[in-house]
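Undergrad: Sequence:
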Amino acid sequence: MDPKQTTFRTLMFPWLAHGHIFPFLELAKALSKSNFQIYFCSTAINLDSIKKTLNHDDSNVVPIELIELKLPSFQELPSHYHTTKNIPHHLMPTLMKAFQESTSNFCKIITNLKPDLLIYDSFQPCAAKMASSLGIPCVHFATSGSTTFSFCHHWYTHKSYDSFPYKGMYLREYEKRNLVVHGGSIKVEHIGEGFAFGVFELSCEIVLMKSCRGIEGKRIVALGPLLVKNQGNVDLETIHWSSQKGELSTLYISFGSENYLSKKQIQEIAKGLELSNVNFIWVDRSPSGSENAIEEAHPKGLKDRGKVVKGWANQSVYFGVPVVAMPLKLDQPVNSRLVGEGGFGVEVIRDENGEFDGKGVAKAINMLFLGESGEGIRRRVKELSEKMRMEEQEGAFGVVEELTRICIKKGGKRGDSD
Numbered sequence: 003m004d005p006k007q008t009t010f011r012t013l014m015f016p017w018l019a020h021g022h023i024f025p026f027l028e029l030a031k032a033l034s035k036s037n038f039q040i041y042f043c044s045t046a047i048n049l050d051s052i053k054k055t056l057n058h059d060d061s062n063v064v065p066i067e068l069i070e071l072k073l074p075s076f077q078e079l080p081s082h083y084h085t086t087k088n089i090p091h092h093l094m095p096t097l098m099k100a101f102q103e104s105t106s107n108f109c110k111i112i113t114n115l116k117p118d119l120l121i122y123d124s125f126q127p128c129a130a131k132m133a134s135s136l137g138i139p140c141v142h143f144a145t146s147g148s149t150t151f152s153f154c155h156h157w158y159t160h161k162s163y164d165s166f167p168y169k170g171m172y173l174r175e176y177e178k179r180n181l182v183v184h185g186g187s188i189k190v191e192h193i194g195e196g197f198a199f200g201v202f203e204l205s206c207e208i209v210l211m212k213s214c215r216g217i218e219g220k221r222i223v224a225l226g227p228l229l230v231k232n233q234g235n236v237d238l239e240t241i242h243w244s245s246q247k248g249e250l251s252t253l254y255i256s257f258g259s260e261n262y263l264s265k266k267q268i269q270e271i272a273k274g275l276e277l278s279n280v281n282f283i284w285v286d287r288s289p290s291g292s293e294n295a296i297e298e299a300h301p302k303g304l305k306d307r308g309k310v311v312k313g314w315a316n317q318s319v320y321f322g323v324p325v326v327a328m329p330l331k332l333d334q335p336v337n338s339r340l341v342g343e344g345g346f347g348v349e350v351i352r353d354e355n356g357e358f359d360g361k362g363v364a365k366a367i368n369m370l371f372l373g374e375s376g377e378g379i380r381r382r383v384k385e386l387s388e389k390m391r392m393e394e395q396e397g398a399f400g401v402v403e404e405l406t407r408i409c410i411k412k413g414g415k416r417g418d419s420d
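Residue numbers for the sequence shown follow the numbering used here, so the first one is 3 and each next one is one higher.
None of these hints come from the bench; they were simulated from the model. Each hint should be verified, as a subset may be incorrect.
Stated by the list, open to error - Capping the alpha-carbon separation at 30 angstroms, the derived lysine-lysine pairs in DSS-like fashion look like this:
#, residue 1, residue 2
1, Lys247, Lys265
2, Lys178, Lys212
3, Lys169, Lys365
4, Lys384, Lys309
5, Lys178, Lys99
Build the full structure now, drawing on both the sequences and the hints.
TA: Put into structure tokens, the structure is as follows:
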């Protein structure tokens, strides 16, 4: 079998969170430029977002076929909540339940499609087991970094976060409490006995990871950051506004699509912005009914220095942008420790209850924008940005090579039994 003349039908099945879907989609684009025909499976509401991205994509990728996963109908979970984006927190367990109960629908999809490869996500051990029973090789793609997985695996093995061998990675007491609260809403049925619901053990020979470090015995294929670089909804007014400000004078504020700030937290951030005297762009993804909470929190003195926008923009270390870290839940505290340890950002200090105030916010911002500390951070971020771009290119080549090898190896065995 000549791999250059063979097309491998690949089914990609991410968890229903945008933070998982879009790294999967970027990987899908990279693979589709090689000898992989991609089928991308998710709920209708997520596929709508993917269509918008693909429609604006100018990278000449081979068409990616979208396959809808139908979730069972629950009265309290209308179809626009078949995604973690903007879903009320109390409905997360219901969404997870619906996802778990869609196994029979996914079974029909994979049985009819008969792909050469399944790339699956967390919370889906059943999908990997199903693929293996059909003789289809399956590979796990972990969208969190290897440090986070190493940290969590240590807890799984030793039942303690405090004994992690690298002392720069730790959790504060309020973060441990929050992890119990937020992690408690994740109930996965039919889980494996191993780490991360058994999805690592089920992965065929390798694990793909948005990272550059290894974990456990399997070989890790590092993919780089896999960022969505254009979604076609550039806000020209905001670009014009920011271009009129001085270089390195504007702070970009975003907490993602699944994190909501309390009114008090918004007010304290606004106080910090007022004290720091920087320009800012604040992305407002407030839940329905609280759309004006951010603008209402702004003192009058902030009106000329800031813009509140509804939308999306590329801002991260990948683009040479330092980070002010304010972790809210799950893996974010570990990511924030990485920001500090790596020297490419600063974390806002909180009290023992996890609360922060305007003075602490201003102090962190000033460390980035003022003096030698800011210059040093910006220099390190620039260096890291260049390394990440190089790794991204190497990662794309490496994953194509590894997945091609697995498909060819397993293809012979499948052919014998078909």
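Undergrad: Which hint numbers does the structure go against, in order from smallest to largest?
TA: Violated hints: none at all, because every hint is consistent with the structure.
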